[in-house]
Amino acid sequence: MNSFPAHIVVAPILVPLMTGAILLFIDERKRSTKAAVSLISTFILLAVAVTLFIEVNSTINTEVAAVISTGVYLLGNWPAPFGIVLVADRLSGLMVLLMALLAIPSLIYSLAKWHKAGAHFHSLFHLMLMGVNGAFLTGDLFNLFVFFEVMLAASYGLLLHGSGPLRVKAGLHYIAINLVAALFFLIGVSLIYGVTGTLNMGDLAQRIAGLNPDQRMLLETGAAVLGVAFLVKAGMWPLNFWLPTAYTAASAPVAAIFAIMSKVGIYIIARLSFLLFGETAGASAGFGHDALLVGGIATIVFGTIGVLASQALGRLAGFSVLVSSGTLLAAMGTGNPLVASGALYYLISSTLTTSAFFMLIELVERGQDAGANVLAVTMEAYGEGEEDEEEDEVGVTMPGTMAVLGVCFAACGILLAGLPPLSGFIAKFSMLSAILNPSGLGANDTVSTLSWWLVFLIVFSGLAALISMTRAGIRTFWGSLEGTVPRVLVIEIAPVLMLLALTLAMTIAAGPVMRYLQETARIGSLPESYIQGVMSAPRADNGQGSAP
Numbered sequence: 001m002n003s004f005p006a007h008i009v010v011a012p013i014l015v016p017l018m019t020g021a022i023l024l025f026i027d028e029r030k031r032s033t034k035a036a037v038s039l040i041s042t043f044i045l046l047a048v049a050v051t052l053f054i055e056v057n058s059t060i061n062t063e064v065a066a067v068i069s070t071g072v073y074l075l076g077n078w079p080a081p082f083g084i085v086l087v088a089d090r091l092s093g094l095m096v097l098l099m100a101l102l103a104i105p106s107l108i109y110s111l112a113k114w115h116k117a118g119a120h121f122h123s124l125f126h127l128m129l130m131g132v133n134g135a136f137l138t139g140d141l142f143n144l145f146v147f148f149e150v151m152l153a154a155s156y157g158l159l160l161h162g163s164g165p166l167r168v169k170a171g172l173h174y175i176a177i178n179l180v181a182a183l184f185f186l187i188g189v190s191l192i193y194g195v196t197g198t199l200n201m202g203d204l205a206q207r208i209a210g211l212n213p214d215q216r217m218l219l220e221t222g223a224a225v226l227g228v229a230f231l232v233k234a235g236m237w238p239l240n241f242w243l244p245t246a247y248t249a250a251s252a253p254v255a256a257i258f259a260i261m262s263k264v265g266i267y268i269i270a271r272l273s274f275l276l277f278g279e280t281a282g283a284s285a286g287f288g289h290d291a292l293l294v295g296g297i298a299t300i301v302f303g304t305i306g307v308l309a310s311q312a313l314g315r316l317a318g319f320s321v322l323v324s325s326g327t328l329l330a331a332m333g334t335g336n337p338l339v340a341s342g343a344l345y346y347l348i349s350s351t352l353t354t355s356a357f358f359m360l361i362e363l364v365e366r367g368q369d370a371g372a373n374v375l376a377v378t379m380e381a382y383g384e385g386e387e388d389e390e391e392d393e394v395g396v397t398m399p400g401t402m403a404v405l406g407v408c409f410a411a412c413g414i415l416l417a418g419l420p421p422l423s424g425f426i427a428k429f430s431m432l433s434a435i436l437n438p439s440g441l442g443a444n445d446t447v448s449t450l451s452w453w454l455v456f457l458i459v460f461s462g463l464a465a466l467i468s469m470t471r472a473g474i475r476t477f478w479g480s481l482e483g484t485v486p487r488v489l490v491i492e493i494a495p496v497l498m499l500l501a502l503t504l505a506m507t508i509a510a511g512p513v514m515r516y517l518q519e520t521a522r523i524g525s526l527p528e529s530y531i532q533g534v535m536s537a538p539r540a541d542n543g544q545g546s547a548p
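To convert, note that position 474 of the sequence shown is 474 in full-length UniProt numbering; the numbers rise steadily by one, no gaps.
It is possible that part of the hints are untrue.
Derived lysine to aspartate or glutamate pairs resembling DMTMM-like cross-links, with alpha carbons at most 20 angstroms apart [to be verified]:
(1) Lys113 <-> Glu365
(2) Lys113 <-> Glu28
(3) Lys116 <-> Asp27
(4) Lys116 <-> Glu28
(5) Lys113 <-> Asp27
FRET-style restraints, in silico, Cβ to Cβ [to be verified]:
(6) Asn77 <-> Ile22: 43 to 51 angstroms
(7) Leu183 <-> Asn57: 17 to 25 angstroms
(8) Leu308 <-> Pro538: 53 to 61 angstroms
(9) Ala117 <-> Val180: 23 to 31 angstroms
If you are wondering where the hints come from, they were derived from the structure by calculation, not from laboratory data. Computed from a prediction, not measured in an experiment: that's the story for all the values here. The C-beta atom is built at its ideal place from N, Cα and C for all residues, glycine as well.
I would like the entire structure built from these sequences, with the hints used as guidance.
This is the structure in structure tokens:
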């Protein structure tokens with residue numbers, strides 16, 4: 001890692017860790033001070049993420065042609081596989097950058113009121129950033145468990161932030177389910193370590209091909225149990241019943257940052273799937289791909305039904321997260337790097353969209369009474385309220401606030417439905433093209449039955465999102481029962497506009513972004529560069545000519 005700036009790989013973990021610790025010692029009554037420290041640290045984290053992203057894309061490993069080198073940080077200066085390692089490559093660098101880009105709008109939005117709704121909001125926020133970044137950067141399974149638990153522990157507090165019976169109920173369910181998932185995590189890790197004698201991901205990838213049949217059976221059992229823990233977080237059916245309720249109950253800025261939580265599970269599954277069970281895994285190559293494809297398709301079906309049935313916007317957003325997760329899991333299940341590149345584009349676009357949508361929902365519903373959507377459905381079903389319409393009323397003036405909210409709502413609808421010209425359409429078109437043309441050569445490729453089902457469901461889920469968003473938009477902006485214009489602050493609408501602007505930037509720069517993601521997916525499917533980078537990483541010089 002000599003070509004990397006010193007400690008840049010560990011910085012995305014250290015910055016939020018130190019900030020979270022420092023904020024604990026600042027009195028809760030000094031909220032302005034805590035907010036300033038938190039915001040400055042988050043911008044520093046963004047600068048670190050950008051620097052890391054540039055480094056992992058600018059350093060060439062000359063021993064492997066056309067492969068970007070891997071930045072490896074040896075904690076304690078112990079070489080792999082004996083010590084703890086952090087690994088930064090194109091994929092992990094991209095995810096750390098996405099995390100930083102989500103953190104800033106969510107934090108800015110919370111400064112309007114939510115950071116005052118309970119104690120230690122900023123500390124919990126930064127500890128969650130630490131856990132998520134650690135999960136993206138860790139190079140061994142044991143520390144993946146550690147960072148995963150840090151992330152979950154912080155998310156428990158954030159979900160309960162603001163109190164209220166709905167949050168407490170959803171939070172208790174969320175905690176119980178994730179504690180069970182943590183148990184599965186430990187069982188799976190124990191089985192894998194018992195068979196291979198290592199938890200370093202690079203070392204594991206080297207050893208899997210040489211296992212005998214009995215060892216391979218235990219390894220695959222451990223991997224399957226471990227996969228259950230990640231699939232709970234990723235939201236795959238039938239392990240996902242907790243997600244819509246939890247995300248709906250969370251406060252707006254917390255739900256916005258939770259938009260990436262399910263993607264953490266998907267990232268880890270993708271990382272382990274291509275690294276441990278890629279082409280070099282011998283008889284275990286492709287292990288779990290069929291389960292991911294079938295489970296992803298089932299998740300899309302479940303999420304689509306939920307989207308169509310949802311009357312509250314929060315539930316609609318929660319089920320949209322499930323549709324996104326199902327699409328990504330099924331795309332990974334194809335085992336095709338071409339599909340994976342489109343899935344990466346979709347991951348970024350859908351995460352930015354759902355994050356913006358969760359914040360927008362609170363602003364939109366601020367001018368409505370609780371249960372207004374349910375009442376509207378009832379009136380539509382029984383045809384009530386139509387006789388009272390005044391024939392001489394042609395229309396009403398659209399206030400500026402409602403106009404801005406309406407434009408943002410329409411943009412979110414277009415992105416969730418995957419309509420042109422925004423990034424949601426480009427992502428889905430890329431995935432569909434790769435699914436129908438697996439070789440990428442334009443030949444008459446054979447498309448499996450499951451792949452055809454996936455194509456149909458990707459299109460149909462977009463249609464369902466369009467129907468649901470149109471229905472919700474009409475009730476909210478066109479036929480609102482209250483007609484009240486919500487009071488919206490600049491620091492509340494600005495984060496929504498920031499996230500939507502990023503999706504617009506992805507649309508404008510679709511060509512370069514897609515080429516970058518195609519190369520990232522190609523390199524990710526070739527574990528040799530990762531293994532070589534980790535196992536050959538040199539120890540740092542202690543200034544006396546040799547490492548300790």
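These are the hints, each one checked on the structure:
{"no.": "1", "hint": "Lys113 <-> Glu365", "verdict": "holds (16 angstroms)"}
{"no.": "2", "hint": "Lys113 <-> Glu28", "verdict": "holds (14 angstroms)"}
{"no.": "3", "hint": "Lys116 <-> Asp27", "verdict": "holds (13 angstroms)"}
{"no.": "4", "hint": "Lys116 <-> Glu28", "verdict": "holds (9 angstroms)"}
{"no.": "5", "hint": "Lys113 <-> Asp27", "verdict": "holds (18 angstroms)"}
{"no.": "6", "hint": "Asn77 <-> Ile22: 43 to 51 angstroms", "verdict": "violated (27 angstroms)"}
{"no.": "7", "hint": "Leu183 <-> Asn57: 17 to 25 angstroms", "verdict": "violated (38 angstroms)"}
{"no.": "8", "hint": "Leu308 <-> Pro538: 53 to 61 angstroms", "verdict": "holds (56 angstroms)"}
{"no.": "9", "hint": "Ala117 <-> Val180: 23 to 31 angstroms", "verdict": "holds (29 angstroms)"}
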